[in-house]
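J.: Throw the hints in and build the complete structure from the sequences for me.
Here is what each chain is made of, one letter per residue.
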Amino acid sequence: MNCGSDKVIYMDNNATTRVAPEVVAAMMPFLTDCYGNPSSMHTFGGQVAGAIDEARESIASLIGADPEEIVFTSCGTESDSTAILSALQTFPENRHVITTRVEHPAVKNLCENLDSLTGHKHRITRLQVEADGMLIPDQYEESLSDDTAIVSVMWANNETGVIFPVEEMAVIARDRGILFHTDAVQAVGKIPINLKDSAIDFLSISGHKLHAPKGVGVLYIRKGTPFIPFINGGHQEHGRRGGTENVASIVGLGRACRLAAEKMEEENVRVRRLRDKLENGLLEKIPRSMLNGHKTSRLPNTANISFEFVEGESILLHMDKYNICASSGSACTSGSLEPSHVLRAMGVPFTAAHGSIRFSLSVYNTEEEVDFILEKMPEIIANLRAMSPFWND
Amino acid sequence: MWDYTDKVKEHFTNPRNVGEVKNADGIGEVGSLACGDALKLTIKVDDQGVITDARFKTFGCASAIASSSALTEMVKGMTVEEAEKITNEDIANYLGGLPKEKMHCSVMGREALEAAIANYRGVFLPMAQGEVVCECFGVTDLEIIRAIKESHLRSVEEITNFTKAGGGCGKCEDRLREILHQTVEGLQLEPKKAKKEQRMTTLQKIKKIEEVLEREIKPTLKKDGGDIELIDVDGDFVTVSLRGACAGCQSSRTTLKVYVEKKLRELVSDSLIVEEDK
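Chains C and F are the protein sequences, given in the same order.
Per this note's numbering, numbering through the first sequence is continuous, rising by one, with the last residue being 393.
Per this note's numbering, numbering through the second sequence is continuous, rising by one, with the last residue being 278.
Please note that the accuracy of each hint is not assured.
As the list claims (entries may be wrong) - List time: in silico DSS-like cross-link candidates among lysine-lysine, alpha-carbon distance up to 25 Å:
{"id": "1", "chain 1": "C", "residue 1": "321", "chain 2": "F", "residue 2": "9"}
{"id": "2", "chain 1": "C", "residue 1": "285", "chain 2": "F", "residue 2": "207"}
{"id": "3", "chain 1": "F", "residue 1": "207", "chain 2": "F", "residue 2": "263"}
{"id": "4", "chain 1": "C", "residue 1": "263", "chain 2": "C", "residue 2": "7"}
{"id": "5", "chain 1": "C", "residue 1": "121", "chain 2": "F", "residue 2": "171"}
Claimed, not checked - If you want the footprint, here are the derived chain C segments under chain F, 3+ residues with CB under 8 Å:
{"id": "6", "segment": "245–255"}
{"id": "7", "segment": "337–351"}
Hints were generated in silico from the structure; no laboratory data involved.
Just so you know, even glycine gets a beta-carbon here, dropped at the ideal spot from N, CA and C.
T.: Spelled out as structure tokens, the structure:
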């Protein structure tokens with residue numbers, strides 16, 4: 001099957017990313033010649049374990065962790081569930097969880113279903129955000145309580161790219177003896193992270209958000225943090241996660257983390273500059289458009305822009321004709337009828353919430369691509385507005 | 001990505017009759033910015049009562065724009081009386097079908113047409129009356145009952161797909177279920193009178209359902225390690241409990257609706273509604 005990736009302008013990297021060619025190359029031996037089981041006694045299988053250790057080191061190095069603090073999982077969602085459910089089992093008397101209104105469904109829907117999953121009634125505090133997507137100061141500290149089992153706050157928001165002060169928040173939790181988890185799938189690889197002196201207990205990573213394949217994730221578990229496994233089985237990952245290792249993908253993720261470390265500066269300089277050019281250009285060229293999310297406390301690759309009085313799915317389908325890939329917080333793209341819970345939590349007015357488009361770049365994007373989008377978008381929006389009953393020229 | 005037909009894509013990419021008719025004889029406006037879709041339909045009607053022109057302005061997704069475009073093409077040249085008979089299914093069929101989650105787009109088209117015709121005649125629509133059930137999208141009980149009858153809706157999910165009711169906060173779900181039960185029961189009273197000799201007694205019905213469960217359904221579910229048990233039969237509402245691998249299975253709802261209900265409707269009575277015992 002040929003999907004024509006060479007023809008598309010891919011600006012949907014918060015959804016998933018291209019598997020880097022270097023990553024594919026690193027994985028290939030483990031899909032062909034080196035098919036042994038890392039748990040085997042024989043040399044043929046055993047040598048594969050060495051490749052996993054190497055990957056573990058690369059990942060630990062990217063986030064300033066110890067290799068033994070890295071546990072491989074199947075995806076970011078598994079990592080999130082593992083961390084939160086582990087904390088609840090560790091402290092079964094503590095039935096309070098603090099999270100935010102703008103979490104990814106992996107955490108949001110888990111928290112909504114905790115009662116039926118655990119058979120116990122839980123109290124969930126969902127921290128509110130301001131119009132720019134930043135957390136409301138003080139609300140967090142006020143909500144910490146003696147029965148709080150865990151705090152789970154994302155490092156960076158997938159829809160707006162807004163970055164939360166999780167390191168400071170983790171210190172506050174630690175001082176109260178409360179575990180802290182952060183869903184960092186959008187942050188790892190995009191911004192520098194150093195967990196060495198941090199108070200974060202759990203951190204989730206997803207491979208496919210940083211140019212590794214889908215189907216592999218990581219849960220960082222700080223040394224000394226009490227932990228109860230989510231998937232029981234063999235002794236893999238020192239008994240912290242059963243199941244034969246997804247060797248090729250783990251090796252791929254290791255390679256992707258080394259690449260991310262090498263390209264961290266490019267991501268934060270060149271990609272940021274491209275993103276800014278795209279963002280400023282769109283806001284300038286298209287009237288009644290606005291940025292969703294804080295201007296500076298934000299990932300370098302993400303721009304979420306609303307175009308008033310038009311609807312997101314319609315915009316995306318017109319962009320699709322030009323092979324431009326992005327996504328929308330519009331309700332009509334998801335099958336639900338309400339627009340993005342993130343934009344709603346920020347209080348983005350309905351006139352704009354339905355017409356939001358998220359551009360998320362990567363190191364593979366070029367200036368020509370940005371120029372092309374800047375050339376096409378004003379016409380797409382103008383055409384849709386011409387048929388909108390709410391638009392008056 | 002939605003599975004749109006070529007016709008939907010074509011009408012979305014090249015919408016017909018965009019704009020507003022000058023000195024319109026009928027104007028129909030439905031939906032709102034908050035709801036995520038809105039349609040303003042304007043029509044020109046000649047002395048013979050023939051719709052000579054129809055134009056639209058739509059805010060919404062691809063299927064909302066395509067439904068509006070299709071609607072204007074359909075009504076042009078029709079008499080008002082003919083246009084009045086257009087249903088939302090007609091609009092969807094004209095486009096070769098719509099994804100079920102998008103059926104409300106065709107309903108919006110039909111509602112705008114009704115509003116425009118009422119405006120042309122200078123009458124008020126009964127739609128505006130009734131009790132608002134879904135606060136999020138302002139849907140009334142009369143609209144819901146009508147959609148249940150016209151489009152043969154048999155679940156709360158289908159009501160949401162067609163009318164949007166219940167698609168927001170979800171608080172009105174119980175009320176929707178109640179309206180569904182009442183409306184469906186009411187519908188069944190009518191044909192029962194006409195075909196009295198075919199009416200099964202409740203006892204016959206239960207026996208027949210048990211028979212089909214044993215003979216047809218259980219063996220199939222058991223292949224996948226699942227099982228099913230009949231809990232209750234109340235009128236046309238059949239309550240069952242899924243067992244074994246089916247219990248807690250993510251797709252058990254689909255199994256229930258797509259397989260169990262279909263089989264029971266086919267072999268026992270086509271008005272049966274299967275629900276899971278919770």
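J.: Each hint: holds or not?
T.: Going through the hints against the structure:
1. C:321 to F:9: Distance of about 11 Å is within 25 Å: holds.
2. C:285 to F:207: violated, 70 Å
3. F:207 to F:263: With a Cα-Cα distance of about 15 Å, the restraint between residue 207 of chain F and residue 263 of chain F holds, given a limit of 25 Å.
4. C:263 to C:7: holds, 24 Å
5. C:121 to F:171: holds, 20 Å
6. 245–255: violated (count 0)
7. 337–351: With 5 residues closer than 8 Å to chain F, the segment 337–351 of chain C meets the three-residue bar; holds.
In the structure shown, a violation is registered for the earlier hints numbered 2 and 6, in ascending order.
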